[in-house]
Each structure stands twice: as structure tokens, then as C-alpha cells.
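Produce the entire structure from the sequences given, and follow the hints as far as they go.
Line order of the protein sequences matches chains A and B. Quick note: the first sequence uses this note's numbering, first residue 21, plus one each step. Quick note: the second sequence uses this note's numbering, first residue 7, plus one each step.
Don't read these hints as lab results, they were simulated from the structure. Quick caveat: nothing in here was measured; it's all calculated off a predicted structure. Ideal Cβ positions, reconstructed from N, Cα and C, are used throughout, including at glycine. One or more hints might be untrue.
[Claimed, not checked] Some chain A residues near chain B, calculated using beta-carbon distances under 7 Å:
1) T416
2) D419
3) D461
[Said to hold, decoys possible] Between beta-carbon pairs, the in silico distance windows are:
4) E304(A) / L72(B): 20 to 28 Å
5) G370(A) / L72(B): 55 to 63 Å
6) T415(A) / G105(B): 35 to 43 Å
7) N208(A) / G105(B): 30 to 38 Å
8) E60(B) / N130(A): 28 to 36 Å
9) T271(A) / E60(B): 50 to 58 Å
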Amino acid sequence: MPGLFSALTTSANTLDVYEQVFQSISDNIENANTPGYAKQQLSPVPMPFDPAAGLSGGVAPGQLESSRNQYAESTVESDNSAWGYSNELSSQLSSIQPLFDVTGDSGLPNALNQFFQSFSALSVTPNDTVARSTVLNYAEQLAQQFNGMATGLTNASTAVNSALENDTGAINTLTSQLAALNQQIQNNGGQANTATDAAMYNDLESLSQYTDFTALHQSDGTVTVLMGNQTPVVMGNQSYAISAQTDDTGTVSIEDSNGNDVTSELTGGSLKALVDMNNTNLPEYLGQLNQLAAGVADSVNGVLAAGVDENGDPGAPLFSYDSSDDAAFSIQFTGMTTDQLAAATADAPGGNGNAIALNQLGTSSEIDGMTFMQFYGQLADQVGTDVQTSQNNATTQQDLLTQARSARSNISSVSLDEEAAELIEYQNAYQATAQLVTTLDSLTQTTIQMLQ
Amino acid sequence: MSPEEDCIRTARAAVEEARRLLLSPSLAALYSSMPHFEHASDCLKAALTAMPSEPVERSRLFEATLVLRHSLHRARALLDHAAAFRMGWSRRLAEAACGYTDSGEPATPRLRGTLSVEG
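Rendered as C-alpha cells:
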């Protein structure tokens, strides 16, 4: 009878093990679409069979193995950070591109053209009130165009600051969630159940879009997250909030929970893109716009000051602005009357000498060795190039992220023999393909040179 | 569309197909992408044999070639990324399974093999 009881017990245990196997299969099916979930597999382990020694065989549940691969996970997170950066920068730059007209039919270039052309008409009929009035109207329009562009860039900066608040908020929410998951794991004796594991990796992937980080998986089952590879934002069941601070000059810095500036540690993610947009791109564009506005105002006012108006008085300024640091924002038409416009030179009152000199300002090198239109063209070109480059980077990074996700879902082989053999084959195939692409690139370059 | 422009567009379609395949970084995808790159190369060589002289046609061809170059750079980025991923993965496996050499490099896994001798 002991043999029968033993057989019955073994059968019951075996059924138990297979129930656990079916449970893991069921979990895989149920969670197929759960973000962050990785397939798990329970392989039954055969038990020794030796009736004489009382070993009745059967199977025991083996280790529950997750198909999750840390290397593939960290590659996806790294690529997601790179994509988050490129995508955010592309989005922010694209939003300001409409401010920089490149056709010359509207916006600032059109206003510059019309303004300097109005001096051409004035030089023909220097004492005609209509010609004088036209100059003043175009001067007012030009000042308004500068103001409009400066306001547009300032609005873009406000939008960036708002996005920074959103990003830091999202990062802090995710790190709080991760700390709470760590707490659950600690409460569960260092074991992450399926749901906790899926939630953790989903949060880490979400976090990677906002910032680059290193995730250290600790022996107690918890994860430590170091933002920018150095700043702890999650340790055990504690999360440490970051914040975005703006100083008097408008420069943004990212601070850790102790108030330390950690901006320089960031290398990827949308947070870094917003910081770069606010601290580098926008100030650069606005700086050049200010230089242009101040340059136009100073040059025109300078020529006017050397001439005389209809009353024989020294020429009054046409533009005013507060300082060279905010010239585009503060430039204004002074509101002079038509008779105050100094179209004549001091030695030939009533003549057109000064009107000719003013007209020539439009075609002479007045700013960094360029005409005003060339200087504007260079600025618009830089914005256009930055937008194009960021868009190209975003599409390429999107490809790389897609590829990394594909690799994550496909990588399962841990057979060293297979891997080593495949690596050699892979290297050969890669070298052959890379050579093909290099040849193709060279042919493309030749074609471009022939067509240029 | 001129025959040359048609060649460039066909080349770009081939590169785009290769790029689509490389979104999955498997060895099979790598092999499958090769004929597309070769086809693109043939198309470009055909285009290079005769360049149009008419300015509008040249301009169109120039634009088409720039688009092709962009596609090619995206494909190249995928190719390099896939190679870096695979090398990193193998390195991890080697480290885990074979440890390190005296100089601190991951040891090279030794392939198991069999040798049969007759006679």
C-alpha cells in the first residue's frame, strides 16, 4: 500500500506543478498587452525516481524565469532618452520657425525692404509730404515687426518654461511611483510579483523619455535610479524631487532635492531639450534679432543726425530703444512729424543728400560685414537649418528606438555557443552591408557634386 | 520624370525597404537588406551615366538625391546601432559565462566543435 499512496501523492504533486505552469502561461496571455510586462516561464524539474529509496519521481516546480533582459531594457531606455531629446527639440524649434519668414514677402524681411525702398522714393522727391509720410509709416511697421518677433520668441520661452514644469512634474510623479513599487517589493521580501515587475519597467521606460538615467537593480529586488547617471531620484522607498529654477536672466537650471544645480549632468530626454532650447537656442536667436534691431536703429539715426530737416534743424532720430539687450522688444518709432525727417544734408538744405545716404544703408555692409537683409537671411537660415537638423535627428532616433524595442522583444537566446557562432556571422554580414552602404553613400555624394 | 530621376527614386525605394528591414536587428534582416542596397547601388550607377543638362530637371534630380541621401543615413544609423547592440549583448554574455582575461577584457567564448578522423 505504501507504493500506491506514494504514487497518488506524486501524481497530486505533479498536477499541482502543472497547474502552476498553466498559471504562468495564463499570466503571459492575460498580460500580453500590459505595458512593461515580460513573458515568464516555469519549467518543471524532474525528481529522482528510486522506489527502493522512497523516491517516487514526478516533477517539482522549477525557477520562474522572466524573459526580461536588462541589457535590452537599458538599450531601449537609452534610445528613448535620445528620442525624447530630439523629438522635444524638434517640436520646440518647429513652433518658432513661422516667425522667420524666408520668402521676403511678409514679416521682417518685407518690412526691411519696404523701409529702405521708401528712402529711394524720398531721394527722388525729398520735400514731398507723401514720400516723407511713407517713410514714417514703414518705420513704424518695421519697429512693430521687430516687436512682434521678439514677443514671439518671448512667448516661445514662456511655453518652454511651462513645458519644463510639466516635465519635472512628470519625472517626480514617476519617481514617486517607483519608490512606492520598491516599498511593495520590500514588503514582499524582495520579490517582485508580475504586476509590480511590469509596473516598474513601464515606469522606467516612461521616465526615460523625460531624462537619461541609470537604473541599478539592487540585490533586495528594488531599483535605484540615478538621473543623469549621478543624481539619486529613487533609492529604496524614497524618491527625491527635482525642480526647474529660473534666474533673473531667464536661464533655467535643474536642481536636485537639496537645491544643487545638476543641469550639466543631463545628457538626454525632453527635459534636457527644453533646457537647451531655453538656455541656448532662444537666447541665440533673440540676441541676433536684438543686434539687427539695434543696428538698423543706430545706423538710420546716425545718418539722420548728420542731416537737416525741412526747418533746417539737425535731424531727429526715427527709432528709439531701451538697451541693446532688448532692442528688438523695445524698438519704437519716435513719432516724429514729416517735416522733422532730415532728407537733406547740412550743406544743401532742401536737397536729397541725406535721403540718398539713407537709401544706401539698405545695400551697404552695416552689420558684421553684411547688409541688414543678409544678416536677417543668415539668422533665418540658421533657424531653418536647426529645425531641419532636429527633425532629421528625431526621425533617425525614432528608427533606433523602434529597432531597440524590436531587439528587446526578440532577444531570448542565452546559449553562448549559438551567440558566439552567430556573432562571427553577424560581424561578417555587418561588414559586407556597411561596405555596400559606404559605396552607396559615395555614389550619392558623387551625384550631388555633379548636379551642384 | 526623367530616366535618371526614375533611377534615383527607385534607389530610394530600395534603401527605404532595406531600412524597414533593419528596424528588426536580426541576422536574417541584415542578409535580407543586402540585395536592396545592391539594387540601389545599381540604380545610382545607371543614373550617373547621364546627367540632364536642363536646369529644372537637374534641380529635381538634385532634390531627389538629397532625399535619397537622407534615407541612406537613416539606414546607416540603424545598421551601426544594430551592430553595437549585438556586440554589447555578446560581450555581456561572454563576461557572464567566461569571466575576464588578465588584461580585464571579457574572455572570448570557445566554440565547441567535433573533429572526425578516419583511416
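Hint numbers contradicted by this structure: none
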